[in-house]
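Generate the whole structure from the sequences, applying the supplied hints.
Residue numbers for the sequence shown follow our numbering, beginning at 108 and rising by one.
In case anyone wonders, no lab produced these hints; they're calculated from the structure. Cβ coordinates follow ideal geometry from the N, Cα and C atoms, glycine included. Some hints could be false.
Stated by the list, open to error - Straight-line C-alpha distance at most 25 Å; calculated SDA-like pairs for lysine to any residue:
no.: 1; residue 1: K114; residue 2: A170
no.: 2; residue 1: K156; residue 2: A167
no.: 3; residue 1: K114; residue 2: R165
Said to hold, decoys possible - What follows is a set of in silico ranges between Cβ atoms, one per label pair, in the way DEER data are often shown:
no.: 4; residue 1: T161; residue 2: R131; range: 39 to 49 Å
no.: 5; residue 1: L178; residue 2: A126; range: 16 to 26 Å
no.: 6; residue 1: T109; residue 2: F181; range: 30 to 40 Å
no.: 7; residue 1: F198; residue 2: T141; range: 15 to 25 Å
no.: 8; residue 1: L142; residue 2: K114; range: 15 to 25 Å
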Amino acid sequence: MTWTFLKAVISAAVIVAVAEVSGRFPRLGALLLTLPLVSILAFVMLWTKESEMTTITRLAREALVLVPLGLPFFIPFALANRTGLSFWPSFAVGILLASITIGLWLQFGPSSPA
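Here it is in structure tokens:
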């Protein structure tokens, strides 16, 4: 239970730090957003829990394929000045685009390797 709480605190601290840095230094914030921070944390936490490289390999393979499918989320934000969308509409459209992309992949893409 203590380890689970510590993992949650570490994850929250990373998110808050990225948000704070992004407000002051947008380019550095963007760089931090492009780093696979969630993957890094998940891999370390999974390794300390299981120490099983097979599990991490499968997770990495799936993430490698699925990460690009989430990129449409950023499109409405990148075009917000041109489209006139504010934050929440951009957020909603981004979620919709990423959901459609991921849904289409899950429906029509190859099945997960064993």
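A range of 30 to 40 Å was offered for this pair. Does it hold for the Cβ distance of T109 and F181?
Between T109 and F181, where Cβ atoms are some 36 Å apart, the hint holds.
What's the verdict on K156 and A167, does the C-alpha distance respect the 25 Å limit or exceed it?
With a Cα-Cα distance of about 16 Å, the restraint between K156 and A167 holds, given a limit of 25 Å.
Mind checking the hinted window 16 to 26 Å against the Cβ distance between L178 and A126?
20 Å, holds
Could you see if the CB distance from L142 to K114 stays within 15 to 25 Å?
18 Å, holds
Return holds or violated for the Cβ distance of T161 and R131 against the range 39 to 49 Å.
Between T161 and R131, where Cβ atoms are some 41 Å apart, the hint holds.
25 Å limit on alpha-carbon distance, applied to hinted pair K114 and A170:
Measuring from Cα to Cα gives roughly 20 Å; hence the hint holds.
Verify the CB-CB distance for F198 and T141 against the hinted window 15 to 25 Å.
19 Å, holds
Would the pair K114 and R165 pass a check requiring their Cα atoms to be no farther apart than 25 Å?
Roughly 22 Å between the alpha carbons, so the hint for K114 and R165 holds.
Of the hints listed earlier, there is not a single one the structure fails to meet.
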